[in-house]
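Undergrad: Residue strings, one per chain:
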Amino acid sequence: EAGVAQSPRYKIIEKRQSVAFWCNPISGHATLYWYQQILGQGPKLLIQFQNNGVVDDSQLPKDRFSAERLKGVDSTLKIQPAKLEDSAVYLCASSLVRGNEQFFGPGTRLTVL
Amino acid sequence: AQSVTQLGSHVSVSEGALVLLRCNYSSSVPPYLFWYVQYPNQGLQLLLKYTSAATLVKGINGFEAEFKKSETSFHLTKPSAHMSDAAEYFCAVSDKGANNLFFGTGTRLTVIP
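So the sequences go chain by chain: V and D.
Under the numbering used here, the residue at position 17 of the first sequence is numbered 111, and the numbers go up by one with no gaps.
Under the numbering used here, the residue at position 99 of the second sequence is numbered 325, and the numbers go up by one with no gaps.
Do not rely on the hints blindly, as some may be mistaken.
To be verified - To be clear about the criterion: a stretch of chain D counts as covered by chain V if any three or more of its residues have a C-beta under 8 Å from a C-beta of chain V, and this derived list gives those stretches:
#1 269-279
#2 329-339
Unchecked claim - List time: in silico BS3-like cross-link candidates among lysine-lysine, alpha-carbon distance up to 30 Å:
#3 D:Lys284 - V:Lys138
#4 D:Lys275 - V:Lys138
#5 V:Lys138 - D:Lys294
Calculated directly from the structure, the hints in this document are not laboratory data.
In this text the structure is predicted, and so the values were computed from the model without any measurement.
Built from N, CA and C at the ideal position, the CB exists for glycine as well.
Model the full assembly from the supplied sequences, consistent with the hints where possible.
TA: Okay, here's the thing in C-alpha cells:
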C-alpha cells in the first residue's frame, strides 16, 4: 500500500514570495491533515479536512495560509506571502476516517530567506 | 486544554541498555495518548497508543508504555536499545479519538555502540 506522498520535499524561497505544497493521501482515506513542524517543536495542526470539507482550521493563519481539497483526494497548502517565521517542515497526514490512526507523509521542508 | 511535556530533548543510551523516554500530560478529559517515532527525513510513525483500555500498552519494535493516571505520565520504555532505535520520539495527547493531536517537543534518542 502506497503511503502519503508529498511534494516538493524541499523548497527555498525569499520572504514575501508565494509557495504551494501538494499532498496525496493514502487511497480511500477520507480525512486529511496539514501540520506545521518548526525546528525544535512538535507538529502543530493547521487544518483538517473530511473529504473535501474543512473540519477544523482554527490554527491556520488565514491572512496568509490557505488550503483546499477540491475533489476529496489531493490537497494543496499555500502560503502567500511567506514570512521568515514560516520556515518549518509541513507534514501531511491522512486517516481512513476521523479518529483512526493518522499516517504521515515525509514532509516538505520550507526555508524562507 | 490538552498538552504534553517531554522531559529531556536529548537522551543517549548505550546499545543494549534500557531506554526510558518521559512524557507527562495535561488533560481536562480522559486522554488518549500516543507515541510516535520520526526517522531522519521521514514522516511520523505510530509506535503505540493508549485509549483507556489496558494501562500497559505494547507497541512495535519492542517498545511499551504505561499510563499512570496518578502521575499523569505515559513514559516510553524498551528493555534493550538497538542502533536502529536512534530517532526522534514524540508524545501526543488527544481527547476522545485521535482527531486533534497535541504533540510534545520531542526527544532525540542517540544509541551509542
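Undergrad: Now tell me if each hint is right for this structure.
TA: Hints, verified against the model:
Counting residues of the region 269-279 of chain D whose CB lies closer than 8 Å to any CB of chain V gives 5, which reaches the minimum of 3, so the coverage claim holds. For the region 329-339 of chain D, the proposed coverage by chain V is satisfied: 4 residues have a C-beta within less than 8 Å of a C-beta in that chain, meeting the threshold of three. Between D:Lys284 and V:Lys138, the direct Cα distance comes to roughly 26 Å. Compliance with the 30 Å bound is thereby established for this hinted pair. A distance of roughly 19 Å separates the Cα atoms of D:Lys275 and V:Lys138; the hinted pair therefore holds under the 30 Å criterion.
A hinted pair counts as satisfied when its Cα atoms are at most 30 Å apart, and V:Lys138 with D:Lys294 qualifies at roughly 25 Å.
The structure meets every hint from the earlier list without exception.
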